[in-house]
Structure formats: structure tokens, C-alpha cells
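Keeping their order, the protein sequence lines are chains A and B. Here the first sequence is numbered in the working numbering, starting from 1 and rising by one per residue. Here the second sequence is numbered in the working numbering, starting from 1 and rising by one per residue.
Since the hints were derived computationally from the structure, they do not count as laboratory data. Errors might be hidden in some of the hints.
Label pairs and their computed distance ranges (CB to CB) [to be verified]: (1) B/Ala81 - A/Asp251: 55 to 63 Å; (2) A/Met1 - B/Asp143: 45 to 53 Å; (3) B/Arg2 - A/Asp251: 37 to 45 Å; (4) A/Pro65 - B/Gly36: 55 to 63 Å; (5) A/Pro65 - B/Arg2: 22 to 30 Å; (6) A/Ala75 - B/Ala108: 21 to 29 Å.
Using N, Cα and C, we set each Cβ at its ideal position, and we do this for glycine too.
There are 2 protein chains.
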Amino acid sequence: MRIFNGTALAARLNAETQARVAELGRAPRCRVLLDGSNAGMAAYGARLADSAVAAGIDLETESYPQAAEVLPRLATLAADATLDAVATLYPLPAGVDPLQAALTLGAAKDIDGLHPENAGLLALGAPARAPATARACRLIAEDIAGPLTGREVVLVGASRIVGRPLAQLLLDAGATVTLTHADTRDLAAHTRGAEIVITAAGRAGLIGPDHLADGTVVLDVSINRGAHGVIGDVDLAALADRDVTVTHVPDGVGPVTTGCLLANIAATACEAGS
Amino acid sequence: MRIFNGTALAARLNAETQARVAELGRAPRCRVLLDGSNAGMAAYGARLADSAVAAGIDLETESYPQAAEVLPRLATLAADATLDAVATLYPLPAGVDPLQAALTLGAAKDIDGLHPENAGLLALGAPARAPATARACRLIAEDIAGPLTGREVVLVGASRIVGRPLAQLLLDAGATVTLTHADTRDLAAHTRGAEIVITAAGRAGLIGPDHLADGTVVLDVSINRGAHGVIGDVDLAALADRDVTVTHVPDGVGPVTTGCLLANIAATACEAGS
Numbered sequence: 001m002r003i004f005n006g007t008a009l010a011a012r013l014n015a016e017t018q019a020r021v022a023e024l025g026r027a028p029r030c031r032v033l034l035d036g037s038n039a040g041m042a043a044y045g046a047r048l049a050d051s052a053v054a055a056g057i058d059l060e061t062e063s064y065p066q067a068a069e070v071l072p073r074l075a076t077l078a079a080d081a082t083l084d085a086v087a088t089l090y091p092l093p094a095g096v097d098p099l100q101a102a103l104t105l106g107a108a109k110d111i112d113g114l115h116p117e118n119a120g121l122l123a124l125g126a127p128a129r130a131p132a133t134a135r136a137c138r139l140i141a142e143d144i145a146g147p148l149t150g151r152e153v154v155l156v157g158a159s160r161i162v163g164r165p166l167a168q169l170l171l172d173a174g175a176t177v178t179l180t181h182a183d184t185r186d187l188a189a190h191t192r193g194a195e196i197v198i199t200a201a202g203r204a205g206l207i208g209p210d211h212l213a214d215g216t217v218v219l220d221v222s223i224n225r226g227a228h229g230v231i232g233d234v235d236l237a238a239l240a241d242r243d244v245t246v247t248h249v250p251d252g253v254g255p256v257t258t259g260c261l262l263a264n265i266a267a268t269a270c271e272a273g274s
Numbered sequence: 001m002r003i004f005n006g007t008a009l010a011a012r013l014n015a016e017t018q019a020r021v022a023e024l025g026r027a028p029r030c031r032v033l034l035d036g037s038n039a040g041m042a043a044y045g046a047r048l049a050d051s052a053v054a055a056g057i058d059l060e061t062e063s064y065p066q067a068a069e070v071l072p073r074l075a076t077l078a079a080d081a082t083l084d085a086v087a088t089l090y091p092l093p094a095g096v097d098p099l100q101a102a103l104t105l106g107a108a109k110d111i112d113g114l115h116p117e118n119a120g121l122l123a124l125g126a127p128a129r130a131p132a133t134a135r136a137c138r139l140i141a142e143d144i145a146g147p148l149t150g151r152e153v154v155l156v157g158a159s160r161i162v163g164r165p166l167a168q169l170l171l172d173a174g175a176t177v178t179l180t181h182a183d184t185r186d187l188a189a190h191t192r193g194a195e196i197v198i199t200a201a202g203r204a205g206l207i208g209p210d211h212l213a214d215g216t217v218v219l220d221v222s223i224n225r226g227a228h229g230v231i232g233d234v235d236l237a238a239l240a241d242r243d244v245t246v247t248h249v250p251d252g253v254g255p256v257t258t259g260c261l262l263a264n265i266a267a268t269a270c271e272a273g274s
């Protein structure tokens with residue numbers, strides 16, 4: 001088994017972002033809303049803030065207010081002319097409708113493809129700001145496996161934030177794409193036929209030896225927290241002797257996703273102007 | 001082989017539309033732009049106009065102007081307060097960008113999911129007006145095969161107007177979905193594993209006996225014109241003795257698509273009010 005670490009690819013993305021910011025001549029400003037009591041979100045927010053500093057981006061995190069206050073808070077941030085972008089990390093507080101949140105924030109400051117206009121541009125082949133995780137997965141797949149034209153890709157998970165937008169990007173790249181999910185009857189039959197498996201199911205141990213043919217590349221998007229720290233969906237121990245490539249958790253997809261989010265922030269600021 | 005005719009399902013849809021229009025108390029008005037020199041488009045336009053009369057919809061067709069005049073014409077139609085909806089049949093005249101055309105028309109009068117806002121709402125799970133062909137395929141699949149949860153569906157063709165929006169609707173219904181296309185290496189391997197195959201490739205004879213397992217339901221969206229009239233992608237003669245169900249061309253998916261387009265026109269008029 002080979003383990004893919006995303007740090008080098010992320011560094012290349014971040015260098016591009018840094019150059020764009022330097023050209024812009026001012027620090028793009030982004031607010032990130034997150035649930036501080038969720039260890040995963042808090043850790044992601046902290047990594048994001050660290051990377052932002054290096055890229056020349058002024059990024060502040062803040063905790064979600066109570067559910068009833070989320071939309072008013074987003075309306076305030078939407079109207080704040082000093083902010084270029086606002087990220088609303090998922091899951092949102094219980095009771096907050098994702099679509100209403102995105103509509104309240106507006107398309108201009110949405111950097112994760114959550115607003116209908118941005119999701120629609122992606123679906124119609126003119127992605128302005130593809131969701132960061134989806135874009136990261138496409139870049140990693142190409143980095144490991146080369147051009148995706150005609151490649152057999154199976155997605156495990158068909159969510160609106162990862163699987164579905166990722167399918168659009170993979171189709172744009174010429175891949176044959178299968179979307180599987182919790183209702184899929186025989187997951188292993190699909191993944192065994194894949195050259196590239198991208199799993200975002202959030203179920204530790206889901207992908208084992210019976211799921212993969214020799215030579216398969218597996219992108220593990222999931223971050224599952226357990227007694228032994230964070231692990232993905234792939235059963236690494238059971239695959240240790242197999243001829244497969246698996247992305248590290250959390251240092252595979254994670255840093256590249258961060259890099260794509262920072263690139264989206266810089267792009268938003270460049271659209272807004274100096 | 002069993003042949004599915006869409007007339008009965010379309011009649012049910014059209015009765016619903018008629019009832020909605022009666023409740024609205026006025027005839028929704030729609031303009032349909034098409035290329036009169038394209039026999040397929042002209043025939044579709046004529047069928048649409050006939051069905052519209054029965055549903056109580058005031059639908060007029062007009063020919064596309066020269067390419068340079070298409071966007072100005074769409075801007076005029078967008079500003080025409082007496083029109084509820086405008087359909088721009090594909091393919092657009094050469095040189096006209098589909099996204100620019102949709103943006104010029106605006107989301108409010110778009111009845112085929114071509115505007116980013118409408119495409120985005122579909123991608124985010126809140127479809128206001130799903131593209132007519134995609135919605136027709138979901139309805140026909142459910143009509144023939146029952147609930148789609150966990151069903152194995154393979155799409156042949158991943159276009160932005162049929163395959164991709166259809167994938168969204170099928171995922172919403174719980175199906176496992178594979179999107180294949182011209183770059184797919186082994187199409188038959190995919191379609192042989194499917195319970196439902198939906199082909200919109202536009203290649204006569206593409207789907208033959210080697211492509212289908214016993215019991216498969218095939219929706220044939222394509223309308224290919226040849227020496228012997230219109231045919232779909234399915235090689236009917238070679239499948240005559242097989243245990244498969246195939247939709248009629250053009251009276252399978254066609255009338256249901258027309259029904260879905262008329263339903264979208266009525267929905268647009270209801271949103272606009274009386």
C-alpha cells in the first residue's frame with residue numbers, strides 16, 4: 001500500500017494563491033462560521049486560519065450563534081462591505097436550512113458552491129468557484145493517476161456538498177462516474193470495477209480488501225473520530241499488503257481542500273477588485 | 001420485447017396541467033424558439049403546440065433569427081410582460097453560447113433548467129422546474145419499474161441538458177447512478193449490470209443484445225433520423241426476442257417530455273400570478 005500525502009500539492013496551490021494576493025495588493029478578508037464544540041470543525045478552522053496567514057489572507061473564525069440567529073448574522077455579514085467571502089462550515093446548526101443560509105449570504109461571498117447560482121454554473125460547465133473538497137479530489141486524482149479521460153471512477157457518497165459536485169468535475173474531465181450511497185445494494189461490486197474510488201461516506205472501515213482491485217487509487221475524504229484519533233473510511237490495516245494507493249487521513253485530501261478554499265477566497269477578492 | 005408507449009402517462013400529466021390552468025383563470029403564454037429547418041425540432045414544436053391547446057396554454061413558435069440577433073431577441077422576450085415563459089430548443093444556432101442565452105432570458109421565464117439559478121436549485125435538491133426530458137425519464141422509469149430506491153441505473157450520455165440533470169433526479173429518488181459517455185471504455189460492461197438503462201447518445205443501433213441483461217428496462221431518449229424514419233439508439237430488431245422493455249421512439253419519452261414542459265409553463269404562470 002502506498003500512502004498519498006497532500007502537502008506538496010497544497011503548497012503549489014498556496015503559492016499560486018499567494019501570487020494572486022500579491023498582485024491584488026491587499027489582503028482578501030474572509031469570515032469562517034463554525035461550531036467550536038465540534039472537534040473536527042474546530043481543527044479544520046484552525047488549520048485554515050494558519051494556512052491563510054501564509055497565503056496573505058485575513059481569515060477570522062467565529063462560532064455559530066444560536067440557530068434562530070444564524071440567518072440574521074449571515075445577512076449582516078453579507079452586507080459588510082469589508083468582507084470578501086464568508087464560509088459556513090457544515091453541518092450547520094440544527095434547524096438551519098442550508099439553502100436559506102446560502103440565499104441569505106448571496107452568491108458573491110459564497111466560496112463553497114452552496115448558492116444556487118454557483119451550483120448552477122458548476123452544473124452548466126462554467127464553474128466560478130467549485131466546492132473546495134470536490135475540486136481538491138479532482139486535483140489529487142489527476143496528480144496521482146494522470147488525465148481522467150475514460151477512467152472508471154466510483155464515488156461512495158452522493159451528498160450535495162461533495163459527491164454530486166465532484167461528479168460534475170470528473171465528468172468535465174472525461175471520466176466515467178458512478179455515484180453510490182447508503183441505498184446502493186452491492187457497493188463492493190461497483191468499487192471492485194473502479195480504477196479510482198473516492199469515499200466520503202463517513203463510516204470507518206467501510207472500504208476493505210474485498211472492495212478494491214489491484215492498482216486502485218483511493219481518495220479518502222472522511223474524517224471519523226474514534227478512540228485512536230482520526231481515521232477515514234478505508235480499513236488501512238486490512239489493506240497493508242495490497243497494491244493500492246490511499247490518501248492519508250487527515251493529511252491527504254485535507255490540506256488540498258484548504259488550499260482550494262483559500263484559492264476561492266482570493267478569486268472572490270479579485271472579482272471584487274482592489 | 002415489450003414496447004412502452006408514453007401517451008397514457010402524458011395524458012395524466014396534461015390533465016393535471018389543465019386543472020392548474022383552469023384554477024389560474026387565464027391561459028399561460030409561452031414562446032418557443034426553434035430552428036424551422038431542423039425537421040426534428042419543427043416536429044417537436046408542432047406536437048408541443050397541439051398539446052398546449054388541449055392544456056389551455058397559449059403557445060406560439062417562432063424561428064431563431066440569425067445568430068447575432070438571438071441574444072437581442074431573447075432580451076426583448078424577457079422584457080415582454082405578456083409572456084410567462086420562453087423555451088429555446090436545442091441545439092441553439094451555431095455561435096450562440098447556451099449560458100449567455102440563458103442569462104439573457106433570465107431565471108423567471110426559463111422552463112427547461114437552463115439558467116444557472118434553476119440548474120443550481122436542482123443540484124441543491126430544491127428543483128423548481130427540472131428540465132422536461134430529465135423529469136420525463138424519472139417519471140417513466142417509476143411508471144414501468146416502480147420505486148427507484150437502490151435500483152441500478154446507467155445513463156448513456158452525460159450532457160448538461162439530459163444526462164446530468166437526470167442523474168440528480170435519480171439520486172434524489174435513491175437510485176445508484178452511473179454516467180457513461182463517448183469516452184467510456186466498455187459501455188456494454190456497464191449497461192449489462194443495469195436494471196434501467198437510459199440512452200440519449202443520439203447513435204442509432206448503439207444498444208444491442210450484448211448490452212442488456214434479461215429484464216432490463218430501456219428508456220430511449222434519442223431521435224435519430226434516417227432512411228426509414230425516426231429511430232432511437234436501441235437496435236429493436238436484434239432485441240425482438242429478448243426479455244426487455246424499451247420505450248417507443250418517438251411516442252415513448254416524447255409525449256411525456258412534452259407533458260413535463262407544459263407543466264413547467266403552467267408552474268411559471270402560477271408563480272407569476274393571475
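(request) Hint by hint, work out which the structure violates, then give me just those numbers in ascending order. (result) The structure conflicts with hints 3, 5, although it agrees with all the remaining ones.
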